[in-house]
Amino acid sequence: SQKIEQNSEALNIQEGKTATLTCNYTNYSPAYLQWYRQDPGRGPVFLLLIRENEKEKRKERLKVTFDTTLKQSLFHITASQPADSATYLCAPHNNDMRFGAGTRLTVKP
Amino acid sequence: DTAVSQTPKYLVTQMGNDKSIKCEQNLGHDTMYWYKQDSKKFLKIMFSYNNKELIINETVPNRFSPKSPDKAHLNLHINSLELGDSAVYFCASSRALSRSDYGYTFGSGTRLTVV
Chain D
1 SQKIEQNSEA
11 LNIQEGKTAT
21 LTCNYTNYSP
31 AYLQWYRQDP
41 GRGPVFLLLI
51 RENEKEKRKE
61 RLKVTFDTTL
71 KQSLFHITAS
81 QPADSATYLC
91 APHNNDMRFG
101 AGTRLTVKP
Chain C
1 DTAVSQTPKY
11 LVTQMGNDKS
21 IKCEQNLGHD
31 TMYWYKQDSK
41 KFLKIMFSYN
51 NKELIINETV
61 PNRFSPKSPD
71 KAHLNLHINS
81 LELGDSAVYF
91 CASSRALSRS
101 DYGYTFGSGT
111 RLTVV
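Those protein sequences? They're chains D and C, same order as listed.
For what it's worth, the numbering used here labels the leading residue of the first sequence as 1, then goes sequentially.
For what it's worth, the numbering used here labels the leading residue of the second sequence as 1, then goes sequentially.
The hints are simulated quantities; they were obtained by calculation from the structure and are not laboratory data.
Fair warning: there could be bad hints in the mix.
[Stated by the list, open to error] With a straight-line Cα cutoff of 27 Å, these simulated DSS-like cross-link-like pairs (lysine-lysine) come out:
| # | chain 1 | residue 1 | chain 2 | residue 2 |
| --- | --- | --- | --- | --- |
| 1 | C | K44 | D | K63 |
| 2 | C | K19 | D | K3 |
| 3 | C | K19 | C | K67 |
With the hints as extra help, turn the sequences into a complete structure.
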């Protein structure tokens, strides 16, 4: 069956460092992969979408990679700030979007 | 202007009751969705509607029924509520991803508590 794994339930880093979150998937070949941010008590907020024919995408301090051979996406936040603290969800998908369990990122001042 | 709005934000009800959650989007999106987020924070898709046609129907109990009166609305009706239905329900909408680099827009959620 299809499986999505975000291999860190929680990640703590120091302000100014680069946060790297990992998303692995098995038993399917998604055409799209999306990353979302979710704050407590709120709905997920879209960050980036990358397609299977794209290796990398950037948006301001965010960078996403999509390796269809390794079946993995890496999500980077450079120059991290305490305001980046949140849960980050990955969603590799075709027609129906399914989410990983999320990684809770805490950026300490 | 709120892009995807859900009502109510909180809903407390007794077992066995029937309730509805409403969702409206003003983005002109093609497809709308309902997701359930349980106590372990895991988001699971329940339904999606594209142009008033159901295109995904996950293995949810048939006590749950989506109703879409038009492209901008997707309501969720739940019959005979059970304790296990307690969760946060999110509505979302999107354009066709083949034509957009933008993902889904989510509402702020409805916290349903069944007592």
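**Prompt:** Which hint numbers does the structure go against, in order from smallest to largest?
**Reply:** 2
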